[in-house]
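Protein chains in written order, with my numbering: chain A, 163 to 309; chain B, 163 to 309; chain C, 270 to 347; chain D, 270 to 347.
Don't read these hints as lab results, they were simulated from the structure. Possibly wrong hints are sitting among the right ones.
Using 30 Å as the maximum straight-line C-alpha spacing, the simulated DSBU-like pairs for lysine-lysine come out as follows [said to hold, decoys possible]:
id: 1; chain 1: B; residue 1: 181; chain 2: A; residue 2: 181
id: 2; chain 1: D; residue 1: 303; chain 2: B; residue 2: 257
id: 3; chain 1: A; residue 1: 287; chain 2: B; residue 2: 181
id: 4; chain 1: A; residue 1: 181; chain 2: C; residue 2: 286
Which residues of chain D face chain B? A few of them, derived with a C-beta cut under 8 Å, are [what the hints assert, rightly or not]:
id: 5; residue: 296
id: 6; residue: 299
id: 7; residue: 344
Because the structure is a prediction, the values reported are computed rather than measured. Glycine included, every Cβ here is placed at the ideal spot set by N, Cα and C.
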Amino acid sequence: MDKKKPKKVFMQGAIPPEKIAKSIANHQSKTNIGAHSIFLGQVRADEIDCKTVSAIDYSAYEEMAEQVFHEIREDAFSKFDITCAHIYHSLGEVKTGELCLFVFTSSAHRKIAIEACNYFVEEIKAKVPIFGKEIFEDQTHQWKVNK
Amino acid sequence: MDKKKPKKVFMQGAIPPEKIAKSIANHQSKTNIGAHSIFLGQVRADEIDCKTVSAIDYSAYEEMAEQVFHEIREDAFSKFDITCAHIYHSLGEVKTGELCLFVFTSSAHRKIAIEACNYFVEEIKAKVPIFGKEIFEDQTHQWKVNK
Amino acid sequence: MKINIKYFGMIAETAGKNEEILEVDEGIFARELKARQIKTYQIADPESVQLAVNQNLNTEVELKEGDEVAFLPPFAGG
Amino acid sequence: MKINIKYFGMIAETAGKNEEILEVDEGIFARELKARQIKTYQIADPESVQLAVNQNLNTEVELKEGDEVAFLPPFAGG
Numbered sequence: 163m164d165k166k167k168p169k170k171v172f173m174q175g176a177i178p179p180e181k182i183a184k185s186i187a188n189h190q191s192k193t194n195i196g197a198h199s200i201f202l203g204q205v206r207a208d209e210i211d212c213k214t215v216s217a218i219d220y221s222a223y224e225e226m227a228e229q230v231f232h233e234i235r236e237d238a239f240s241k242f243d244i245t246c247a248h249i250y251h252s253l254g255e256v257k258t259g260e261l262c263l264f265v266f267t268s269s270a271h272r273k274i275a276i277e278a279c280n281y282f283v284e285e286i287k288a289k290v291p292i293f294g295k296e297i298f299e300d301q302t303h304q305w306k307v308n309k
Numbered sequence: 163m164d165k166k167k168p169k170k171v172f173m174q175g176a177i178p179p180e181k182i183a184k185s186i187a188n189h190q191s192k193t194n195i196g197a198h199s200i201f202l203g204q205v206r207a208d209e210i211d212c213k214t215v216s217a218i219d220y221s222a223y224e225e226m227a228e229q230v231f232h233e234i235r236e237d238a239f240s241k242f243d244i245t246c247a248h249i250y251h252s253l254g255e256v257k258t259g260e261l262c263l264f265v266f267t268s269s270a271h272r273k274i275a276i277e278a279c280n281y282f283v284e285e286i287k288a289k290v291p292i293f294g295k296e297i298f299e300d301q302t303h304q305w306k307v308n309k
Numbered sequence: 270m271k272i273n274i275k276y277f278g279m280i281a282e283t284a285g286k287n288e289e290i291l292e293v294d295e296g297i298f299a300r301e302l303k304a305r306q307i308k309t310y311q312i313a314d315p316e317s318v319q320l321a322v323n324q325n326l327n328t329e330v331e332l333k334e335g336d337e338v339a340f341l342p343p344f345a346g347g
Numbered sequence: 270m271k272i273n274i275k276y277f278g279m280i281a282e283t284a285g286k287n288e289e290i291l292e293v294d295e296g297i298f299a300r301e302l303k304a305r306q307i308k309t310y311q312i313a314d315p316e317s318v319q320l321a322v323n324q325n326l327n328t329e330v331e332l333k334e335g336d337e338v339a340f341l342p343p344f345a346g347g
């Protein structure tokens, strides 16, 4: 069920820590879960050519991105025996120190939850059309590229 | 610094989801962090011989356990380029669906945070003298063994 | 025939627009449209640019009336 | 000499106590104390029992007056 429901991944601005607490609390009724694995991406104040990043402004090809997120979910559920999986990604400005990505996987056993979480993170970085403008403190910018 | 401070790992009863949100929020001022990896252990309602687990009652050889946690931390900081690491484990009764373990690692880069988190989880399961009494719904019990 | 084009990130910035409708000849391939627009807007680092035709990454497809073609710079999610 | 013994988990349950002070002969090794207590309390699955002498896992050490010896069943953290 959980698997089939189309999920909204994008949210405007930073992901608040309370959202993570709420997601965790929502899984306490699922007593077949033994392990949760969570990955959080946080915007770093990188220094590039003596300028410091103060925020990343995220944009995306949203229709395609939601479709790719859906395919990644389908793949993950066929590869891993997970109970549930949730992904949230920011759009718009996310300041340094704030969270831009939240991946949350759950399973009866730890290895499966952890592997599935890693799978999601790598797939998201590689396949989802999301773009990031790194804004420096002096308001100049450069475009971020995933490594 | 973070590394040297002796940390209290054990807490009485289940770990509330709000504690996780608070730990995350506490790291938003550390703008050299790019990735957090979190592992949560949740008590499963396993069925064994037609009886269902309703809680685990955790006990530990506390003085030794705190020392082993400290050694695991020292090892992890020497092996992985992590910014910070936090571990919390429950003592006493934790009901099914509630959290008994919270491991939280942070790094500039995702692979390091994730690997360090896995390292902590495996080391904790293997090396820390913690014992778990699985209490069934009929109040009988059996002793849990890590696989 | 008409093709709906979308530009993202660095490419939208270079092109100075997020979308446009182009009138092109029948039989044009996505890769040909890519080459043409890269030249038109002097888009930097062309090898790093991916095209999505109707949301599928593919440059070896012949375009049809009404297709949506997106010009995508390197991904930076997460 | 006196040795402080601690029992945990399943072993404490079997022994019916969490700790005791035992009077033993000088020169006794941890493994000898282990064998003795396993017999005394009929502790099940002796291979799974680990001993910590002053918080270090080790059965090949000679015990000294005042040592703390913990009998540890399989770990179950997490």
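We went through each hint and held it up to the structure:
As the CA atoms of residue 181 (chain B) and residue 181 (chain A) are separated by approximately 13 Å, the hinted pair is consistent with the 30 Å bound. Of the supplied pair hints, the one linking residue 303 (chain D) and residue 257 (chain B) is violated, its CA atoms being roughly 34 Å apart against a limit of 30 Å. Under the criterion of a C-alpha separation no larger than 30 Å, the hint pairing residue 287 (chain A) with residue 181 (chain B) is consistent with the structure, at around 29 Å. Of the supplied pair hints, the one linking residue 181 (chain A) and residue 286 (chain C) is violated, its CA atoms being roughly 35 Å apart against a limit of 30 Å.
With a least beta-carbon distance of about 25 Å to chain B, the hint placing residue 296 (chain D) at the interface is violated under the 8 Å criterion. Taken as an interface hint, residue 299 (chain D) does not check out: its beta carbon lies about 15 Å from the nearest beta carbon of chain B, beyond 8 Å. Among the interface hints, the one on residue 344 (chain D) holds; its C-beta lies about 6 Å from the nearest C-beta in chain B, closer than the 8 Å criterion.
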